[in-house]
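Using the sequences and the hints, build the whole thing.
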Amino acid sequence: MARVAVAGVGMTNFGKQEELSIEQLGAQAALEALEDSGIDPSRIDLVIGSNVLGGGGAGQRVLEQIGILGPEVVNVENACASGTTAVHLARRAISSGEANAVLVIGVEKMTGLFKGGITLDRTDRPTAIGLTMAAIYALWAQRYSYEYGVPVERLADISVKNRRYGAANPLAMFRQPVTAEEVLTSKPVADPLTLLQCCANSDGAAAAVLVSEQVVGGSSASMVRLLGTGVSSGREIGRKTDLSTLAVSQDSARKAFSLAGVKPQEIDLAEIHDAFTIGEVMATEAIGLASPGKALLEEVVPVNVSGGLLSKGHPVGATGVAQLVELTRHLRGEAGERQVPGARLGIAHTIGGGVSTLEAIASGTLIVGV
Amino acid sequence: MASVTTIRLAPPGVEVPYTLAYTDFDPGFRLIARLEGEANIGDTVKLIAVDDETERYRFITERES
Numbered sequence: 001m002a003r004v005a006v007a008g009v010g011m012t013n014f015g016k017q018e019e020l021s022i023e024q025l026g027a028q029a030a031l032e033a034l035e036d037s038g039i040d041p042s043r044i045d046l047v048i049g050s051n052v053l054g055g056g057g058a059g060q061r062v063l064e065q066i067g068i069l070g071p072e073v074v075n076v077e078n079a080c081a082s083g084t085t086a087v088h089l090a091r092r093a094i095s096s097g098e099a100n101a102v103l104v105i106g107v108e109k110m111t112g113l114f115k116g117g118i119t120l121d122r123t124d125r126p127t128a129i130g131l132t133m134a135a136i137y138a139l140w141a142q143r144y145s146y147e148y149g150v151p152v153e154r155l156a157d158i159s160v161k162n163r164r165y166g167a168a169n170p171l172a173m174f175r176q177p178v179t180a181e182e183v184l185t186s187k188p189v190a191d192p193l194t195l196l197q198c199c200a201n202s203d204g205a206a207a208a209v210l211v212s213e214q215v216v217g218g219s220s221a222s223m224v225r226l227l228g229t230g231v232s233s234g235r236e237i238g239r240k241t242d243l244s245t246l247a248v249s250q251d252s253a254r255k256a257f258s259l260a261g262v263k264p265q266e267i268d269l270a271e272i273h274d275a276f277t278i279g280e281v282m283a284t285e286a287i288g289l290a291s292p293g294k295a296l297l298e299e300v301v302p303v304n305v306s307g308g309l310l311s312k313g314h315p316v317g318a319t320g321v322a323q324l325v326e327l328t329r330h331l332r333g334e335a336g337e338r339q340v341p342g343a344r345l346g347i348a349h350t351i352g353g354g355v356s357t358l359e360a361i362a363s364g365t366l367i368v369g370v
Numbered sequence: 001m002a003s004v005t006t007i008r009l010a011p012p013g014v015e016v017p018y019t020l021a022y023t024d025f026d027p028g029f030r031l032i033a034r035l036e037g038e039a040n041i042g043d044t045v046k047l048i049a050v051d052d053e054t055e056r057y058r059f060i061t062e063r064e065s
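Going down the list, the protein sequences come from chains F and B.
So the first sequence is numbered by our numbering: it starts at 1 and just counts up by one.
So the second sequence is numbered by our numbering: it starts at 1 and just counts up by one.
No lab work stands behind these hints: they were computed from the structure.
No false leads were slipped in.
Computed, partial: chain B to chain F, Cβ under 8 Å: (1) A2; (2) V4; (3) T5; (4) T6; (5) I7; (6) R8; (7) L9; (8) P11; (9) Y18; (10) D24; (11) F29; (12) A33; (13) I41; (14) T54; (15) E55.
All C-beta atoms, glycine included, are put in the ideal place defined by N, C-alpha and C.
If you want it as structure tokens, here you go:
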């Protein structure tokens with residue numbers, strides 16, 4: 001199998017950017033990633049676009065802006081795991097030898113689309129009776145607290161931590177730290193989750209150039225490598241479904257660790273899907289960085305030093321790619337003020353939910369190392 | 001009841017608050033529905049039919065029934 005290097009990364013500001021189109025946001029991130037890679041755009045033999053809400057063809061629409069026309073383009077949608085899925089597919093294409101240089105572009109424009117949270121535009125019964133995204137996570141949070149005896153107030157710790165980290169990320173939407181009291185007294189959304197425990201809708205793009213190591217040749221020694229990826233889809237929620245465990249994320253992480261040939265204990269930092277506080281807690285445990293029930297109680301490697309979705313907002317199609325950008329910058333030692341010292345191995349995780357009676361739509365995991 | 005939450009912020013047009021719960025039934029299935037009244041995880045609730053094509057059924061607490 002060909003080894004995969006992360007040759008270049010790019011990312012726009014995340015936040016309300018009404019004046020910028022999907023095409024402009026995507027182009028900005030893609031051009032930065034291409035320049036960062038030093039790879040001539042003519043060598044890109046596959047482009048994977050990730051976008052959920054933009055109406056289709058996002059990859060081609062961005063490429064038209066930057067004059068890359070003609071190569072194979074695939075657009076993927078896998079709910080909140082879309083960006084991770086795009087990176088995963090790029091990894092598969094390069095590993096199998098079918099592609100040498102892949103440009104992944106994740107982009108989303110959400111401002112003006114929704115009043116409040118994402119509305120799930122579906123006709124299934126759970127959505128129709130009021131199962132919002134926040135409600136899905138709230139049901140997990142209640143069960144988690146019941147199973148492990150962790151008070152739900154402790155979830156505020158995640159918001160406090162991520163907003164503190166986010167203050168050091170110039171690309172983040174929110175750069176003001178918050179206190180636990182502010183989190184717990186913010187507007188109630190779905191018990192026990194309050195507004196400051198929910199990520200915001202956001203506009204933004206992230207891109208990466210992934211290449212076969214043969215393409216970069218001798219310069220690859222210090223290059224960040226994409227060591228393993230995994231994507232899994234959710235099973236039906238039934239009586240045996242443990243609502244305090246993200247089985248779908250356990251699955252995707254298992255695949256990624258198996259490919260990467262490393263163990264959770266070796267990870268130095270993680271970017272984990274904190275669309276809601278409880279999501280980070282349960283995913284931290286699912287991917288093996290904390291024991292079940294202990295993510296809020298025991299010491300864990302730095303999680304979401306980018307500020308996470310709670311600080312950056314969550315431009316759905318861009319999120320998974322942005323996580324790869326953050327990890328790559330740490331592994332290169334280029335993360336500035338928020339650098340995790342000596343980071344050599346990082347993991348990123350997303351999970352997308354909200355369909356009918358499935359535990360999730362998909363979960364994705366990426367592992368990178370130097 | 002396997003889990004329960006009260007939703008206090010919903011899309012425009014949806015009246016809040018309302019409560020949703022997952023409840024397990026013998027011989028081995030789990031349903032999601034709105035809950036009338038207040039109940040906690042582990043409590044027993046009853047399933048009642050609702051004359052609404054979408055909702056179809058909901059849970060009520062012993063007290064409510």
